[in-house]
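Colleague: As given, the protein sequences belong to chains B and H, one line each in that order.
Our numbering applies: residue 1 is where the first sequence begins, and numbers increase by one.
Our numbering applies: residue 1 is where the second sequence begins, and numbers increase by one.
Hints are computed from structural coordinates only; laboratory data are not their basis.
C-beta: ideal position from N, C-alpha, C; glycine also.
Heads up, some of the hints might be wrong.
[What the hints assert, rightly or not] Covered, in the sense of this in silico footprint (three residues per stretch, anywhere, with C-beta under 8 Å from a C-beta of chain H), are these stretches of chain B:
{"id": "1", "region": "25–32"}
{"id": "2", "region": "36–42"}
{"id": "3", "region": "55–65"}
{"id": "4", "region": "86–97"}
[As the list claims (entries may be wrong)] To give a feel for the contact side, a few chain H residues facing chain B, derived at Cβ under 8 Å:
{"id": "5", "residue": "I41"}
{"id": "6", "residue": "I169"}
{"id": "7", "residue": "N170"}
{"id": "8", "residue": "E197"}
{"id": "9", "residue": "G221"}
{"id": "10", "residue": "L388"}
{"id": "11", "residue": "V640"}
{"id": "12", "residue": "G643"}
{"id": "13", "residue": "G648"}
{"id": "14", "residue": "E649"}
{"id": "15", "residue": "A666"}
{"id": "16", "residue": "S668"}
{"id": "17", "residue": "L749"}
{"id": "18", "residue": "L1013"}
{"id": "19", "residue": "D1015"}
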Amino acid sequence: MRGVALAIAVATALAAGPAWGHSFPAVRTVVVQVEGCEVAVLVGYRPGTGEATDTVLARVASQPKSKGRDALESILTGAALASLTFSVDGRRLVPTSVRAKVGVEPTGVRPMVVVLVTYELPPGHKLAITTADPRTTRFSWSDRASHRVDLVGAPTQGQWYDGVASFLLSLSPKGDSTCAAPSSSPPSRSRP
Amino acid sequence: MTLALLAVLAACSGGKPVQVRAQVIGSLEETIGGPHAIGTIGDLLLENDKVRLIIAQPGTGRVNTSYGGSLVDADLVRVGGGSARGNDELAELLPGFAFTVIDPTSVVVTHDGSQGDYAEVTVTGGGGDLLQMVYLLNTGLVYPETLQFKNAYRLYPGKQYVEIETTVINTGNGAHPFPYLDPTQLKDLGFDVPGIENIQLSVPMGQLPLLGGEQNLFAPGRAGFNVQYAIEDTYPLAGGFPAFPGMVTDFLASRGKGVSYGLTMPKSDVNYVNKFASGYPGQTITPYSMLMPFTYAGVSAVYMANPPSMLAPGAQFSFKSDFVIGKGDVASVADVIYDLRGQETGTFGGRVVDSHSGAPVTNASVIVLDAMDHPVDQLETDTTGQFLGHLPPGNYSYRVLADDRLTTAPIAFAITANQQTGVFVAFEPPASISIAVLDEQSRAAPVKIQLIGSYATPSGVPTLPCQDKQCPDPRDFLYSLALGERKRPTAFDGSMRFVENAWWTKDGRLSANVRPGKYDLVITRGPEYEITTVPVDLQPGQFVAQELRLTRAYSSDGWIAGDFHIHAQPSTDSGLPIDERVISCAAEGLEVATATDHNYITDYAPVIASSGLDPWLLGIPGMELTTFEMGHFNAYPLKVDAGSTRGGEFTWAGRTPGDIFGQLRALSTDGQGIVQVNHPRQAVLGYFAQFFIDAATAEPYTPTGLLGIFAPYGNEFKPDKYSQDYDAVELLTGRRLEDVHTFIAPTPLPPGPFPDPQPVAGQVVVGKDGHPSFPGVVETWMTMLDRGRVATGMGTSDSHHTLGDEPGYARTLLFVGSGRDVPGGYARADVIDAIKKHHAIVTNAPFLDMHVGTAMIGDTVKMTGGGVDVAISVKAPSWAKVTRLVVYTSSTGAPAYDQPIPATMGTSYATTVHLTPTADEWVVAEVYGTDNMFPVLTPTEFPPLDATVIIKALSSGLDLSSLPIASNLKPERTHYSRPYAITNPIWIDTDGNGFTPPKPALKRTTITKSPPLPDVRAQFDSLPEITP
């Protein structure tokens, strides 16, 4: 709780500072990981400076202190996912799990949240992720040995796509019965 | 009431207006546009009311160097703002500590400017090697492991420069000396160079500017705009260590299109040049002096500061520099620098008009010379012909230059402090020409139009060795690089011919102003056409019109000509607009142009279409993935990602070749694109050179001695990381014929001294380890053929400009099907298919065809009977006659055939070579000519600068004679261009069971895919929880 309190204090102090004509927009990063029978999505979200952050902090402040962290997590998670829609062939997907971690951006100005949300991936031709807020949303995706995505012609993996309202991936229509296990990160490089 | 209103207005505007800020870029609208703009979301923006700058976020370098955190974009504030209106021409600026750079861990806003005082972005990190090859030098001089580096970019309101404060902090527990090791310790570390124990070293620190291909560097004084050669001229004058060799300059500036840049440092007690002033005899030293030890491929070093000899634990050392942004000329940079220094000045202004018409002369360059006739400033005229700048009090002269007029004689003037000095220049007019050219089918075809002049033999100027003669150095009488005049290539054969100007036209039509004189008007259209020549006498102010016709030299049914390695404006070291690039390709008779900009995916197709060149030229989108020291690799066709500021996303720093090739294939349109190894034997920049590929085995070997010391150390360079998963390899790049075959010692040997072992005339020059000192690309390629590894041999130009660096020489001819080598007859897939099937000929002019029965180049033929007849035919224009034919069937032993071609058959020759192989073998044909192909193809007059110059410059005083690069015995880098062509193989299957390589097969590893992207679940789990 001390972390959240400190974060709120810092954010409040900074947000209340002199505004001189510029603000930071909200930032939403969406990493879509397609697996054999699930889609795991990592959403990072920071509200914009000024009024947007003030609103979040005000809503948190209106809760009992003991509920502060949960309130911050709930509000930010809602904001992070609110503009996103996941669907296969037009059928909207329903999350099977949602986990979130809140924090403060390194400069201490804004609260932020990282949400891991998973969806079952039904058979179908087209996975669509749409955002109602393309100006502040960046997409990236990776294929986790799913054999579900038609890799020929697919957007390059591991690369950010900005300003995109609909992010589409072509699927093999029959689906798959197994889910891939995650693997480790590449080794680091060192001097001899 | 008034007071109340003022109070309200003040409240509305937030009080004191803020004119400077720093922020993280949140959207692309906040970035800077322009030819080299790469700033993107997440980078940091610094801006005031005059200038805008972007510092890259941490991570790997995006285009030029290995690390993030550098200043990547800089421009003036443009009316309207927005990325579409920017004009960033800066490639990069980063601090350099000898050859150590910052590997950033954080790039943050440390002062956002909201107080209106200043804005600041600070880069913090450890030390990384700019090049791994100088790792030992970096370790011995800097030892960055126990240092932290900071670079603070500080921008003040209203200023046209950013102040850069660079700090080195000792984070170790003990004192940190500079240099870190003494020479004997350096020797113990492995730097066993004769003489090193006798020298005292220093650690220069400063900035590494990569100002971009559009920018012409300027250093006031002897150099002027001739920075590259002026630096090289200082090497022989160097006073020796501890002073690193190089050129001393008061400041560095540039001239560009609409924006220019400058670098200076304030007076300082830690000034490097002043500390070691005796090391720079004959050079002018001021309190602001900086050292430029090299400028290479757009990368310069500007060393400014000398650190203390010892830094106590926790202690730090800082120095400052200032990066200036001007409006396009040197004067707009110099004015800021004079202001920064508080230097007293007077104004110098005037107007330049045409002496006949009185019309203003736009974009004329007014060069200011000091009393020693050295350029000290340059001003550009505006659309009204006017110019204005500031100069310190003193006596000067000025000259006025324009590309199409004769440069004026110097006129003296004086500047008095705080006084205005004005001049009026009546500039002699140019001549005008109007040309129309039709091809043999009366089509308005793309052609090259040149004016060829002839100079009078000058006396008393330095000479250059040109072939077996001595030619006057054109830089000393034909043009002045110091003044900013354009190079005019000479024939380099003693004939006194030179190219006054050249135009590449899209439809054979030209209207241009030209420098008056008597010329030959020369029309060409690549190797399939003869040269058309008409003499013209062009007088000032007069107009001359000509209608001309092309004559075809030969046809090559079914074959098209492509250049698969060309650069344009998106490349850091090329300022050539894309429309000029595609027109130049079409005018040189190319039918395929593959865009291969450095670390930038470009597609020429839209520009080809808008230029009306669709009937003549096919564009293929691609890129030259440019590592710093692992080699350069082309890939095509690639997808262009419009959402990326460089056309697509990829990384190369620290990556293995297999990883890089995998990324390139992933970027291709179908995952099956061509990966091509470029200039493989070029030192530092070539894949074979950097992996020490043995020409006799086509496999890596571990270098020893000094070669081993300068070898990159990273795991990605380990021999087992060498990948052969490429599809094509350049056999001839540009005019570098000297790299094609392994270097053989000439007969007789030139004067020594020679490296050990003693070379033998007529034999391959080898090093101490027995390996050829200068192995050829073709020998390596033929060894690969012997071992069953087939990469299509390619000819490319690696052209970055036009005149003096023409596209299409060399080129690759590809077979797309009989009758299909016509506009619309072939498509991109046909081109890629021909490369994959090895239906390819490498040439710089001759058309060299080869068949065995009905089998063509790239085919495998089954032998029947006792042998095979190899039918070889050569066609060439009269300006590229061939004189010798060679046929190879093995990488070892003598060629199967090596005979002269009769002089009367130099343009059309056919013969049959009968081979009687006893086992499977391949056959490759090669032709040579001896004529100078000028003016179609210009010569290499001056030694090409390469990265070895940097190493040599920074190793002055050491005995590096055992390094091939330092030897007196090496391939001649300057020469005129001679005809050459080589085919890809025909494989001969003698036993009917398919081709069996005559030597043990090379293992072709499967493509290493990019490292798996991080698992999002693991990423989430690794985030810290905030405990309630």
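Colleague: Evaluate each hint against the coordinates.
Modeller: Structure-based check of all given hints:
1. Chain H is given as covering the region 25–32 of chain B, and this holds because 3 residues of the stretch bring a CB closer than 8 Å to a CB of that chain, at least three being needed.
2. Closer than 8 Å: that is the beta-carbon criterion, and the region 36–42 of chain B has 3 residues meeting it against chain H, so the requirement of 3 holds.
3. Check result for the region 55–65 of chain B against chain H: violated, 0 residues qualifying (beta carbon to beta carbon below 8 Å, three or more required).
4. By the rule of at least three residues with a Cβ nearer than 8 Å to a Cβ of chain H, the coverage given for the region 86–97 of chain B is violated, with 0 such residues.
5. A cut of 8 Å between beta carbons decides the hint on I41 (chain H): the least distance to chain B is about 6 Å, and the hint holds.
6. For I169 (chain H), the interface hint is violated, the least distance from its beta-carbon to any beta-carbon of chain B being 19 Å, above 8 Å.
7. Interface hint status for N170 (chain H): violated, as the beta-carbon distance to the closest one in chain B is roughly 18 Å, over 8 Å.
8. Annotation: E197 (chain H) was flagged as interfacial toward chain B, and the flag is violated, the nearest CB pair being 24 Å apart, outside 8 Å.
9. The beta carbon of G221 (chain H) is not positioned within 8 Å of any beta carbon in chain B (closest approach about 40 Å), and the interface hint is therefore violated.
10. The beta carbon of L388 (chain H) is not positioned within 8 Å of any beta carbon in chain B (closest approach about 33 Å), and the interface hint is therefore violated.
11. Because the closest C-beta pair between V640 (chain H) and chain B is about 11 Å apart, greater than 8 Å, the hint is violated.
12. A cut of 8 Å between beta carbons decides the hint on G643 (chain H): the least distance to chain B is about 5 Å, and the hint holds.
13. Of the supplied interface hints, the one on G648 (chain H) holds, with its beta-carbon coming within about 7 Å of a beta-carbon of chain B, less than 8 Å.
14. Residue-level restraint check for E649 (chain H) holds (minimum Cβ-Cβ distance to chain B is 4 Å; threshold 8 Å).
15. With a cut of 8 Å, the hint placing A666 (chain H) at the interface with chain B holds, because the nearest CB-to-CB distance is about 6 Å.
16. Hint status for S668 (chain H): violated, given a least beta-carbon distance of 10 Å to chain B, over 8 Å.
17. With a least beta-carbon distance of about 39 Å to chain B, the hint placing L749 (chain H) at the interface is violated under the 8 Å criterion.
18. Of the supplied interface hints, the one on L1013 (chain H) holds, with its beta-carbon coming within about 4 Å of a beta-carbon of chain B, less than 8 Å.
19. With a cut of 8 Å, the hint placing D1015 (chain H) at the interface with chain B holds, because the nearest CB-to-CB distance is about 3 Å.
Hints 3, 4, 6, 7, 8, 9, 10, 11, 16, 17, counting from the list given before, are not met by this structure.
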